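Chain order of the listed sequences is A and B.
Under my numbering, think of the first position of the first sequence as 1448, with each following residue one higher.
Under my numbering, think of the first position of the second sequence as -5, with each following residue one higher.
Think of the hints as simulated: they come from the structure by calculation, not from any bench.
Heads up, some of the hints might be wrong.
To be verified - Taking lysine-lysine pairs in the BS3-like style, the calculated list, with each CA pair at most 27 Å apart, reads: (1) 67(B) with -3(B); (2) 1489(A) with 67(B); (3) 1504(A) with 10(B); (4) 1530(A) with 1504(A); (5) 1504(A) with -3(B).
Stated by the list, open to error - Distance ranges between label pairs, derived from CB positions: (6) 1461(A) with 61(B): 45 to 55 Å; (7) 75(B) with 1503(A): 18 to 28 Å; (8) 1515(A) with 6(B): 43 to 53 Å; (9) 72(B) with 1450(A): 37 to 47 Å.
As the structure is a computational prediction, the values presented were derived from the model and not from experiment.
Yeah, the Cβ is synthetic: ideal placement off N, Cα and C, and Gly gets one too.
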Amino acid sequence: EPEVTQTPSHQVTQMGQEVILRCVPISNHLYFYWYRQILGQKVEFLVSFYNNEISEKSEIFDDQFSVERPDGSNFTLKIRSTKLEDSAMYFCASNPRTANTGELFFGEGSRLTVL
Amino acid sequence: AQKITQTQPGMFVQEKEAVTLDCTYDTSDQSYGLFWYKQPSSGEMIFLIYQGSYDEQNATEGRYSLNFQKARKSANLVISASQLGDSAMYFCAMRGNTGNQFYFGTGTSLTVIP
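For reference, chain A alone in the conformation it holds in the complex:
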């Protein structure tokens, strides 16, 4: 069964460093997402991506964040100048989207710890 894969599963970084979280969405899906979940809290939308551009982004997704799909398969989230409060689980998800049916397919998450 096709699945969304994410790397790394866990990354520890020093405050102020840049991190790149990588995702390989399901190949025939059209919409890609990044969500964030701070430990024990709700799942927060960061950004959605369609047709090689951002289609929606939340208030959280400020200039510190960027996404790209460099090669047609990978979908990356870059976090510049990390802060302590960026520590969270970051989920990549994809969706085939032809209507509002069809669930989000989540990866297993990348846990980011900022020290």
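We have chain A; now place chain B onto it with these hints.
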């Protein structure tokens, strides 16, 4: 704007009993989808069940069923014959017809007691 509300931060259920997890939503979209996800302690998000706003029948998937009351804007998850492995966080989510975003509730932590 879309909004999902889960008012039960924590629930307990005896093994083999049924349990209902509440979810209400708010949207101005005529067409939308409602979803439930399970998040065990390992952290992954597991899709459980989907209900479309135009579906007349309540969705069922094995031991999961969705009690959809459109007029009340509620989409409660019913888990029958609870098992110890059902202990997890459960998130209700919605996707409207405008935009691509899935909106999540704050989740309900379910503990199944042997």
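For each hint, the structure was consulted:
1. 67(B) with -3(B): Answer holds: residue 67(B) to residue -3(B) is near 11 Å, not above 27 Å.
2. 1489(A) with 67(B): Within the cut-off at roughly 21 Å; holds.
3. 1504(A) with 10(B): Status violated; Cα separation ~42 Å.
4. 1530(A) with 1504(A): holds (20 Å)
5. 1504(A) with -3(B): holds (16 Å)
6. 1461(A) with 61(B): 45 to 55 Å: Taking Cβ atoms as reference, residue 1461(A) and residue 61(B) lie about 48 Å apart, which means the hint holds.
7. 75(B) with 1503(A): 18 to 28 Å: Since residue 75(B) and residue 1503(A) have Cβ atoms about 39 Å apart, the given range 18 to 28 Å is violated.
8. 1515(A) with 6(B): 43 to 53 Å: At 45 Å between Cβs, range holds.
9. 72(B) with 1450(A): 37 to 47 Å: Hint violated: Cβ distance 28 Å, outside 37 to 47 Å.
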